[in-house]
Each structure stands twice: as C-alpha cells, then as structure tokens.
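Protein chains in written order, with the numbering used here: chain A, 1 to 340; chain B, 1001 to 1306; chain C, 2001 to 2263.
No wet-lab data here; the hints were simulated from the structure. Don't take each hint at face value.
Claimed, not checked - To give a feel for the contact side, a few chain A residues facing chain C, derived at Cβ under 8 Å:
#1 ASP56
#2 PRO73
#3 ASP111
Keep in mind it's a predicted model, so treat the numbers as computed, not measured. Using N, Cα and C, we set each Cβ at its ideal position, and we do this for glycine too.
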Amino acid sequence: MTGVEVHLDGLRRSFGAVHALDGFSLRMKPGELVALLGPSGCGKTTALRVLAGLEDADAGRILVGGRDIGGLPANRRDMGMVFQAYSLFPHLSALENVQFGLKLRRRASGDRAARMLDLVGIGAHAARYPHQLSGGQQQRVALARALAIEPQVLLLDEPLSALDAKVRVQLRDEIRRIQTEVGTTTLFVTHDQEEALAIADRVGVMRAGRLEQLAGPAEVYLRPANAFVADFVGLSNRLPGRLDDGAVSVLGTRLPLVAPATGGPEVTALVRPESIDVVPDPDGAGRVVSTTFLGPTSRVTVAVGETLVVAQVTGERLAGLSVHTPVRVDLRPVPVALES
Amino acid sequence: MTVVSDRPDPPASPPRARAPRRRLGGARAGSLLGAVPFLAYVAVFLIIPTLVVVVGAFAGDGGFTWSNVAALGEGYILDAFARSVALSAVTAVIGAVLGAVLAYALVTARPGGPLRRAVTAASGVLAQFGGVTLAFAFVATIGLSGFVTVFLRDHLGVDLYAGGVWLFELPGLALVYTYFQVPLMVIVFLPALDGIRPQWREATESLGGSTWQYWTRVAGPLLAPAFLGSTLLLFANAFSAYATAAALVSQGNPIVPLQIRGALTSEVVLGQQNLGKAMALGMVVVVAVVMTGYTLLQRRTARWLG
Amino acid sequence: MAGLRARRARRQRVFRWTVLTVAGVFFLLPLAAMLEFSSRDGGTWSLLVDWPRLAAAYPDLAEGILASLGLALLTTLLMLALLVPTAIWVRLRLPGLRPLVEFLCLLPLTIPAIVLVVGLAPVYAWVNYLIGGSTLTLTFAYAILVLPYAYRAIDAGLSAIDVRTLAEAARGLGAGWTTVMVRVVLPNIRSAVLSAAFLTVALVLGEFTIASLLNRTNLQVAINLLGKSSATMSVAVSLAALVLAFVLLLLLSLFGEKRKAPN
C-alpha cells in the first residue's frame, strides 16, 4: 500500500478572538511522516482535528490525493486516528477494539485484526480489556485499531505524552518502524521537540496558527529559519553580537547567518551549546561558573565578562573544568539565527 | 495541550500502628470504648427494630409460625404487592427515561457552566421533595379545583376528570411520583454520562461510524449498566415511599405501605400486628434484592466510566 | 466549508433548550399552582405570618410547627454527637471497625421508613414508659433516618483531609485526644458538618411517616390534618415549608460547590 498526498491550503479557524489557525498551509508527500511541533495553543492540534473532520475550518481547502474532502463528515474521510489517551472502548477487548472499524465498514475482517495486533506487539494480549492493559499497551492497541481500516491518512494526536519517559521512547521508535512498514501518510502532533526530531521525515514548527518552518529534522535543528525556531527546538545561548557585512561577530568570532538580516548593528545571536567549545587556558577571558554532568555529554557554564555562556563538552573533559578554572571560549562557524 | 496523567495519586500506604506490640491489647480495648455509644444507639434504634420485624414475621401466639408469611399469599396482599411493584416499575422506567434525556441535555452544556450547576442543584432539592407537601402541590395543580384543572375547564373546555377522579388513585400516584423520580435520575445518572469520553465518539467517527452506530455500539452498551442500575434505584425509591400515597390516596389501601398502615392501626383482627411485620419483611426483601442489583451494576459502571 | 460541526452544535443547543424548557414547565407548574391556590383566600398569607393569630386559629398546626422546629434542632445535635466523634475516632484508632460503621450507617437506605416504624413501635413503648410520650422523642428515630445522608457528608469531609497525619502532628506537639478532636480535626471538617446539619434539618422538616404512625403531631402530620378542613391553608403552609427546604438545600449545594472550587 502506498500513501497519498495531503494538501492543507490556507486553513483558518478562530475561537472567539483567538486564531488557532491563521492561514495554515502544509503539503505532505505520499507516505511521509510529518511532525507538527509547537508550544501549547499554537494550533497544531486544531490543524490535525480539522484534517480529521472533528473541527470546522472557517476557510481553506483540504485535499487528500487531489480530492477536496472539506465537505465530508469525519466518518467518511477515511482517516485513522490515535488520541492522547483513553480512546479505547472500555467494554470491548483489545481484539474487538481493532475489529470495531472493520465491522462498521462490513469488511470481512478475516484475521486482519489479529495480524494488526501482532504488528504492534500485543498479539498475546488480544483478549484483554483496556483496564487490564498498561498505558503503553493501550496506545499500541489504539494504533492497531487506527491502522486496521487501512486509512488513507494516519493522524496521531500527542499519542505518547501520557506515557512514562522510557515507554515513550520505545513506542516512538516502534511507531516509526510500523509507519515505514505500512507506508501511510502520517501527521504526528507533539509538543516534545526531541520526539518530533526523532520520528519525523519532516518537522513543521508552528506558532500562532502558522507554520514557521517545515524541513527535515537536521535542517530545523542546524539551520533554524528564525529565532523562534532556534529557541523552541533545542537549547540556545542568547549572545550579544555585532552585525556587519552579512555576518555576525560574537565573542570575537565571525559567524554566518541562517538568513539575511537587516537592522543592527547590535544584535542578539542564538548559538547552540554544542557549537561552543571550552578549553582550559590560563590567559582565557572566561571563568567556569558551574558544571552539570549529564552522562555522555555534559554542560559547562562560563562567565565571559557580563555574559554567561553554556557550552556542551564530552563527559571525560569535564574533569579539567572545575569551577573557577580560567578558560577560552571557541565558537564553531556554523550559521546562527538572530533574535528579532 | 496539557499532559494528562492517567494514574491517580498513589494511595497512601495504610498507616500501621507504631505503638509497641505489648501496649496494643490495652490500647485497643480503650479505643473500642470510643465506639460504644454509637454502636449501642444503633443497636437500640435500628438493629432491634429490624429484628422485631424479622422475628415478628415468624412469631405467633405459641412461638414460631409460618402463618404470617403464608398470609402474604392471600389475594388482597398479593394484589397490593403487585400494585406496588407495578407502580414502582412504571414510575422508575418513566423517571429513568425522562431523567436520562434531561441529564443528556445537561452534559451537552458547558461542564462548569451556570446552567448545569443550577439544574443539578435544583434536581438535588426536587429529588428530596416528597411526602405530604408534594401531594398537596399536585392537589393545588390538578386537584378538582386545582390551577390547571380550572384553567382547562374554563378556557379550553377540557375536563381532566371526565373518566373519574384519577389523581387520588394509582394513576395519580404515578404522576406525582414522577415528580421526584426524574430529578433523582438526573443526579444518579449524570456521573455516568460524564464518564463518557469525547474521544470515544471521535474514534467511532474516524473509524467510519455514524451517529446511530455510535449510540448503538459504543455509548448504548457503555451506559446500559448505569441506566439499569439507576432504574433499580428509582424502583426502590418508589417502592419505599409512603407519605405521598398516605396523603393522596383517599380510598382503600392499594399499595403495600398503606396495607402495613392498615395492619398497624386496625385492632379488629387478632394477629394483624404480625401480619404487618410479615409485609414489612416482604418489603425489605424486595428492596434488598433491588439494591443488591443496583450495587453490582454500579461496580460495572465504575470500571467502564469511572 | 460546510460547517458540519457548527450545525451539529446548533442542533444540540436546540435539543438542550427544548428539553430544559419542557422540564422547567413540568417542575415549576405545581409550585406556581400552589402559590395561586393559596392566594385565593385573601387572608391566608397574612394569617400565616401572624403567629399569635395563627396559633389561635390552628392550634394543631402551631403545635406541629413548634414540634418540627424542636425536632430539627434536637436531631441535629444528637446526630452530630453520635456521628462526628465516632467517625473521627474510627478513622484514627479503629480502622478495622470502619466497614461495620459504614454498613450500619447506610443500612437505613434499604429499610423503608414504613418498615422501620413497624419495628420501632415496641421500642417506643419503652421510650414512652421511661421518658414520656412527648413528640420530641421522635428525635431518636429521626437520628437513624438521617444517618446515611449525614454519614456520607461527614465521611466525605474526613476523606478530604489526612486525619491521621493531623492527629499525629498534634499529638507530637503534646495534644491529648480531646484536643485533637475538638481543636484540630473538627475545624477542618466544619463545612462537612454544616452540610450534614443542613441535610438533617431538611429531612426532619419533611418527615411524615414515623410521626404519623407513632401518633405524634409534627409539621407534616399537621399539614395533612389541615388538608381535610382548610385546603387553602394547608397548601400555603406546604409551600412555605417547601420554600424553606429549597433554600436550605440550595444553600447546601452552593456551599458544596464553593468548598470544592479551590481544589
């Protein structure tokens, strides 16, 4: 089975004075997994619910496989949906939950439901009821139920956010595996940037009902389109810089810009901790203020004059960077965004 | 978009007595004294009356007898039980259906909104509203010279009582009982409706289900135990009611509580007192069976919609 | 866009208001009718608020009103004295006894008042013999009748606080058991105690079965008696009693809402 193209075009949706969607457009390639990422209230869930038909749009078009489905009710849109939690029918067993959609469509289910449960790794618990399953197992069943009807589009609305950290990572990887296997075009909504970067073919970062950037995870991380994206995805230092000649000077190093900038010359640059290196140096301008051990990588906070800089170093180098050590701060010349 | 935890707070581990084991015996005996006044009071005014009914139902002049209980098989008593059951069942079903519709109308409103709060509070009051005052309220409304009766007669030419004065008979009782059954249903059924999660409807829709399919395959089966349980509670409520009927019914003792009154107050027939106890025991048995069913259904509801 | 969802919401709103309007008419009509009925005789309401004239004109009614007010007060006190210390004590010192106490408190729900009165008759023969036949002795039976409702209210209040930790903290500071109960636990369940008291008053003011069958005259028995001689007056008193119960129970539910709000 191959996926279809999904095109959301100029969607608008207001709740009173709040614009949940403000001219939101998104084009998903067949079989692709797009993660919508953003702070709460940015409209990402509204976008998903409008696509599912669970919410009206005030304006805009929804095209699935080239067909405008905006006028169709939710039950004729052919979308599989996984909710944040509690969506399994409590009076049906895991297997019956998966069969539910097949029965509604009077489709001869054969052993399809059982095979879907095997696919999500719940085959052994097919006879159990939702209250006998853990949160992670319930979400697996919900995924099997959504996929059983062979939907054109799979919609995942924060499916992992009610789970424990460990289960979350495990299920995240598995959703990715299963999605790749079935090849259904998938929209995944989350507020967790790590989750979005890990699971998606492309990540769409949203703010105030609009898409700020839509790109592959690496690009969103390494070349954020603007300061909001840089700030929301990953950690960033806010460092004072001087704009001149299409580049910015920060702590004595000239850094390229992700996008051409105007204004200045005094600006604030957003620099990732891993783009900064800290080297012990008796003549260095910085002093180590604090260190945080985080396993494979660790964080060092350095004061350079009035400015505090957070840098990322490998665990073993932390030993030489005790508090008060004089250090030199090196910036790698990767493109940075400027705060507007 | 908040993260919803699906786990309630961990139950506090049962605190253990920290006193040394040696002291426990003495402390326990002392502690027990604290519960004695309550237990003694309940024994005198609840347990003894209950035993009086149970023992009395099997007591005759010369000790144990089945004759009181056997007398329950007499025609007029069986009729009274049948009428009581019919009255309770009819008002329970009517109350349950209307109350469920009203409760559903309420849950479509905003959960914390003023409308919902006002109607819930009013239901709490009306469900307690019974007895003599309710009977008189209906006399004032559709009694022979009641507000509605007079209005219909004078303005529309409709005679409410063309077929007899039914207000003071079983049909009247049924109407009056409905007045407290509906609000009671609202109160006991609302929590179950609140337990229905919007995701279930949305999941049904995204799986291709129509509104009809949602109600017949998801919401219906999920609400059935709560609806049935609530109906049983309404049944027990109507079955136990006495005051409304005592104030309203003018002739004869058509239902069991009124028959018991008859047995208590008449001193004509010797041994009637214990027949009253047998009928009382019969009532307790019916109510106990119904309430057991209610409890079992509530448990199922708590698992699905808790 | 078609606005399918908006259309459904509109349909739901129409349904909601239709149902609520019909229900509102059904439930308000008898109340309105009572007001109309009791106002047909001009003097009824003015007589009702003039106690000396009322007492002279309807001595039975006056007696019933006084008896019911006295019963409400006495039953509330008796209920609180019985239930509050026991409920606290059982939670603190006798957790093993809690299921029994709960069972006993909820038992009256399965024993209709008409059944209870059958069993109470011999018990009241002793009460009459020992302390006389005053109507106020009904307090003993009423305390049993209100037990389930009062217990639920107080138990909910106790569940909302951690009685054990509070008590341990107070005892650690040197308080005796009496101090713990009166000065530590009680102030924390004030609103629950108030709820229980409101419910008790409302239930006692509405009680008819036991009073009537034990041949005592309380408010409801008096109203019923009055219904045979003066329909207008009986409806007026019914309405007054009802409004009083309404106000009590509405206060209770609004109070309960407010109590829940900060959590």
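Hint check results:
1. ASP56: Holds - the Cβ of ASP56 of chain A comes within 8 Å of chain C, reaching about 4 Å at its closest.
2. PRO73: holds, 5 Å
3. ASP111: Violated: closest Cβ of chain C sits about 35 Å from ASP111 of chain A, beyond 8 Å.
In this structure, the one hint that does not hold is number 3.
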